[in-house]
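Q: Residues per chain are reported as follows:
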Amino acid sequence: MEVDTAQLDAIIEKYNGDRSYMLAMFQDVQRLYRYLPKQAIYHICKKLEVPFSKGYEVATFYKTLSLKPRGKHTIHVCIGTACHLRGGPNILETFERELKIKTGGTTGDGNFTLETVNCLGACALAPLVRVDEQDFGKATQAIVKKIIDEFKDEVKS
Amino acid sequence: MVEFKINGKKVQAEKGETILDVAKREGYEIPTLCYHEKLGSDGRCRLCIVEIQRGNRRRFVASCLYPVENDIDVYTDSEDVLLIRKTVLELLLARCPNSDTIKNLAIQYGVFDVRYTKDNDKGKCILCGLCVRTCESIVGVSALCMSGKGPEKKVTTPFDDPSEVCIGCGACAVVCPTGHIYIEDKGGYRTIWRKKFELARCPKCNRFHAPIEQLEFISKKTGVDIEELLICQDCK
Amino acid sequence: MNITLEQLDSISSRYIDVMSKYSKIIRVCCGTGCVSSGALKVYENLKRALMDKGLIDKVLVKKTGCHGLCERGPIVVLGDEEILYQSVGKRNIDDDITALLNTITENQIVDRLLYQGEDKGKKYISPKDIPFYAGQKRVVLSLNGIIDPEDIEEYISKGGYRALYKALLMEPEEIINWIEKSGLRGRGGGGFPTGTKWRSCRSAPGDVKYVVANGAEGDPGAFMDKSLMEGNPHSIIEGMIIGGYAIGSNQGFIYVRDEYFLAVNRLIKAIESARSYGLLGKNIFDSGFDFDIKIFRGGDAFVCGESTALMSCIEGKSGESRAKYIHTVEKGLWEKPTNLNNIETWACVPHIINKGWNWFATIGTPNSRGTKVFSLVGKVKNTGLIEVPMGITLREIIYDLGGGIRGDKKFKAVQTGGPSGGCIPEAYLEMPVDFDSLTKLGSMMGSGGMIVMDERNCMVDVARYFLKFLVEESCGKCTPCREGVRRMLEIVNRICNGEGKKGDIQHLEELARAVSLGSLCGLGQSAPNPVLSTIKYFRDEYILHIEEKKCPAGVCKALTEFKILPDKCTGCMRCAMECPVKCIKGAKKEVHVIDSDFCIKCGTCYDVCRFDAVMIE
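Chains S, W and R, in that order, give the protein sequences.
The working numbering applies: residue 1 is where the first sequence begins, and numbers increase by one.
The working numbering applies: residue 1001 is where the second sequence begins, and numbers increase by one.
The working numbering applies: residue 2001 is where the third sequence begins, and numbers increase by one.
Next comes chain S alone, as it looks inside the complex:
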């Protein structure tokens, strides 16, 4: 995966080259590339004068960061307590069935990555599904199907 070092340098600049903000830099890179490429970690570490191993340690510690490419749309099914009690696991299973992938995986056409997330704070609307930055509260089997159709079409156009 080719990374644009100019873009990376701009991100480093945004945080004044402060190594405390390495996590934030990684998150910004991920927003650009939909994951955190190895070369990006390497380049940022070199610029910040942080050992590559320490960058890797941070990159693998935090769940938000993905070292593997994600699909065009990431579906996050909340498995917080309220969502767990109000049918969250069933929703997750439905997505797995409909998309024919396991949690953590990406569909063959690269459209969807299915992941779980721990409590997005919309507990009153359990079970909650977040697709990219859009929330779908009180999710049902019907809403799962609707989400898959809606976002699949978006990808086509």
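It is worth saying that the hints were derived from the structure and are not from the lab.
Honestly, I wouldn't trust all of these hints.
[Claimed, not checked] If we take Cβ atoms under 8 Å as the criterion, some of the chain W residues that face chain S in the derived model are: (1) Ser1142; (2) Ala1143; (3) Leu1144; (4) Cys1145; (5) Met1146; (6) Ser1147; (7) Gly1148; (8) Lys1149; (9) Phe1159; (10) Glu1164.
From the three backbone atoms N, C-alpha and C, an ideal C-beta is built for every residue, glycine too.
Given chain S, put chains W and R in place with the hints provided.
A: This is chains W and R only, laid out in the frame that chain S set:
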């Protein structure tokens, strides 16, 4: 001067010492794994836990880290301390069933059964962190780190690839308490952390000794000429 | 720009003047809950409709932060707490906008949009009529749902930043005295006396000190801090500046979960506007005191809610905890004295300064003063966010404010304190909710998450849920937590899969003790709580799972079989239609049958059957 008690007996210590320092000096046996005289500790294994009482407050602390305090009562073998110790050993044995170090320690402290499914993918690594800290502070290249978190945590090089900065010195393997780290010298080459190093041949005795990369590193750091470093320790 | 009190007052007057030109103000709740129910569309459409009617200069439509009654969103409040409409735009947005316009122009109240309460004969018009609101005492949430969180001038017009002005005229010592006397205790779960913490940090040697606001809010089921950050970010900023002044720190950090992107945006905007008004930066109110705040986004790690792990994260490292033998108030961020408090704790500070420490001390109970925000979720009718005085009972929260159990099922337990807490059964519903009472029961108040469970929740599964969560979230540094919690999960998994053995409960209890005493930080130390409390109060359920391989709640799939009772089934076909895998066969008016080969045991048929014809075996 700090005064407190260990197992009922009065002891004295300097401010800044740890309970472990004093206990060892006074002859009390407290097992440790992640503690190292030169590197200190960051309290990972929890094997050295002791019970501290002050008034009616009870605490369980890692003796390798806890600074000595006036008027505390330290117990190195109370019922709960033994429970923690045995649990830690049983858990480590379940994680590293092939480690002789752990097996021996476990037997020494009365742990004979492992009631859990034994792991077969953790090797002998107990995540004590000594290798990582050695590589970072003593050697200074930081080739190793602990990736991931929770039970997925493991000691490795970035992306499990051969490390660009590893000089093959093997200090990590030396400091490892269980012998988990694979290091092999064969046919003039050393393999460690999936990287192959060409070993230097001593011009005097013709033996292979240290990786050339390691000697180059030392030469750069200390200014000593590489020709001198090529001579092995025995022939110097 | 160095702002003065006079300028603050003139901003207020100007703002109030501008507002008085409107004949009506309509507030559309735009907290995350309502937004996901379509609130933004309601807001846009209403504005457009008012523009079309030429009313946009007379009627102001505002977006506010979380109102609390998320269950019934989108919530629209008309006027000054006059009328509350629920579920606006959910069924038909055009109809509802028309209805809103009617209310605005003709003063016609549209009954179908009113809150539907327990008393079917009663009309609940104003929020004050609704028990969910009437039972609350809103202090830190007082402006939530009222102000536009992105408008600093509105915050100022409601008295904002006056506490800061007052505090900067006091001596730091005096401020700490007030906080101590108020009895304020940390609202993040620890309950440590805030004044004592501030005092220790102030006395710690060193010129450079830091204050931190913990907005990690990792407890699943909790969203108190989120609503505060989204709904009234300035209250947090004001509290932190006061704290910084009292402690002797010039730099603050707000640590926010990255998932809370709305909260992050609101905080960034709030900090920028505070800076531009001279309320952050150099020489605030000409006092000679400088203070600024940086935002730090987290990375989805529950352990980073623990103060030492949080600080590790801010330092740019992985989020491992360290033992607190040397407290963070002495050596915290970059080894400097650091005072960390929860978001809600900081939000209490301006109120204490404005109204006095004795005012705060009169609310609540002697050892737990003030109010507390709770997120009431799960199987309760009115799920949402509430703020109540400490000392209120669990029963009052769940039944009076919460409206009781959904579907009028039977209450089973309430889980408090998140993964560090425990489950409390019916026998203790009269317990007051405060820092110490729940701890005596083997749970804890925690950060405020309150999850209500009914007969269809399995307590062994609840224990498993929390153990699984903690296994994944453990930082992995110390042996007891990293290894012990996953072995506890192993045992509970076996129990839920029908492979429980005699002696499992004792084994769990022994392992739990070792883990709680031997772990390095709070996460590991409290990890056994969910298991221990469910064993304590629901031992029978564990025994049923272990010895009889039964799950009475019908949750543990290996121990559950759903069967339709032929003599009760009326053939209404409801279960067949709702079944997600369509494994129920049966024509209309014919007895239905579940094909157990395809049944995924989700229990939907059991939940929807109106004739009690589905049995859990």
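Q: Are the hints correct? Go through all of them and say.
A: Hint by hint, here is what the structure shows:
1. Ser1142: At about 4 Å, which falls below the 8 Å cut-off, the nearest Cβ of chain S leaves the hint on W/Ser1142 intact, so it holds.
2. Ala1143: holds (6 Å)
3. Leu1144: OK, holds: W/Leu1144 within 8 Å of chain S, min 6 Å.
4. Cys1145: holds (4 Å)
5. Met1146: Cβ of W/Met1146 sits 6 Å from chain S, so the hint holds.
6. Ser1147: Since chain S brings a Cβ to about 4 Å from W/Ser1147, closer than 8 Å, the hint holds.
7. Gly1148: holds (5 Å)
8. Lys1149: Constraint on W/Lys1149 satisfied, holds at 5 Å.
9. Phe1159: holds (6 Å)
10. Glu1164: holds (7 Å)
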